[in-house]
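K.L.:
Sequence:
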Amino acid sequence: MAAERHHGAGRRTDQDVEGGVRPVSTSAAEPEVEIPSSTEHRWTHRVAQRWRPIAVVCVLLASAGSAAALYFGAYRAEHAAAAASTTVVEAASEGSVALLSYAPASLDQDFATAKAKLTGDFLTYYSEFADKFVAPAAKQKDIQATASVVRAAAVDVRPDTAEVLVYLNQATTSRDNPEPAQAASAVKVGLTKINGSWLISSFDPI
Numbered sequence: 001m002a003a004e005r006h007h008g009a010g011r012r013t014d015q016d017v018e019g020g021v022r023p024v025s026t027s028a029a030e031p032e033v034e035i036p037s038s039t040e041h042r043w044t045h046r047v048a049q050r051w052r053p054i055a056v057v058c059v060l061l062a063s064a065g066s067a068a069a070l071y072f073g074a075y076r077a078e079h080a081a082a083a084a085s086t087t088v089v090e091a092a093s094e095g096s097v098a099l100l101s102y103a104p105a106s107l108d109q110d111f112a113t114a115k116a117k118l119t120g121d122f123l124t125y126y127s128e129f130a131d132k133f134v135a136p137a138a139k140q141k142d143i144q145a146t147a148s149v150v151r152a153a154a155v156d157v158r159p160d161t162a163e164v165l166v167y168l169n170q171a172t173t174s175r176d177n178p179e180p181a182q183a184a185s186a187v188k189v190g191l192t193k194i195n196g197s198w199l200i201s202s203f204d205p206i
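Take the sequence shown: its position 154, counted from the start at 1, is 154 in this note's numbering, and no numbers get skipped.
It is worth saying that the hints were derived from the structure and are not from the lab. Just so we're clear, the structure is a prediction, and the values are computed from it rather than from any experiment. One or more of the hints may lead you astray.
[As the list claims (entries may be wrong)] Quick list of simulated restraints, FRET-style, between CB atoms:
id	residue 1	residue 2	range
1	R158	D108	30 to 36 Å
2	A181	D160	34 to 40 Å
3	A82	A137	38 to 44 Å
Backbone N, C-alpha and C fix where the C-beta goes; we use that ideal spot for every residue, glycine too.
From just these sequences and the hints, can you work out the full model?
P.N.:
Dropping the structure here:
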């Protein structure tokens, strides 16, 4: 009887061992590993931290490129406007000097130089006035006039028209008055762009 009890106990022990081995062997054959959510969050955070400086640099480069484009665009426009102002001021100044400068010995050349700087109705007016009044008086009284620009500034500059304010001094001598008579004047000069050249289209003392 004791032997049977011992043998039965032995069987139970084998079953217990067998039953205990099965879950161990199954667990070892098919392990299931899960990444803790906290670890995954840290990994995502690290990736974001590494890429953030690169993203910031890309944004800064894009912003810098846009700013540079705007700057150079504005610079070109401003530079072009400044160049146009300089051109019209020079044309108005040279034309004004030509209009108000002449001498009896060189009237034809002086008038031709002035006419080359004029256009439109003002060219017609000047041609008639110079031939009818200036030339006869200059020859009879030996009148000589020399003009110089004191100051000039562009008032309005557009693609094909412009206005310039010109301040001039004119010295005039004659047979009866050999000492130069000085006269100062201010003139609003209108210009029109013809075939790429700025020509005087109006000349109004103010």
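K.L.:
Does each hint fit the structure? Answer for all of them.
P.N.:
Hint-by-hint comparison with the structure:
{"no.": "1", "hint": "R158 x D108: 30 to 36 Å", "in the structure": "holds, 35 Å"}
{"no.": "2", "hint": "A181 x D160: 34 to 40 Å", "in the structure": "holds, 38 Å"}
{"no.": "3", "hint": "A82 x A137: 38 to 44 Å", "in the structure": "holds, 41 Å"}
In the structure shown, no violation is registered for any of the earlier numbered hints.
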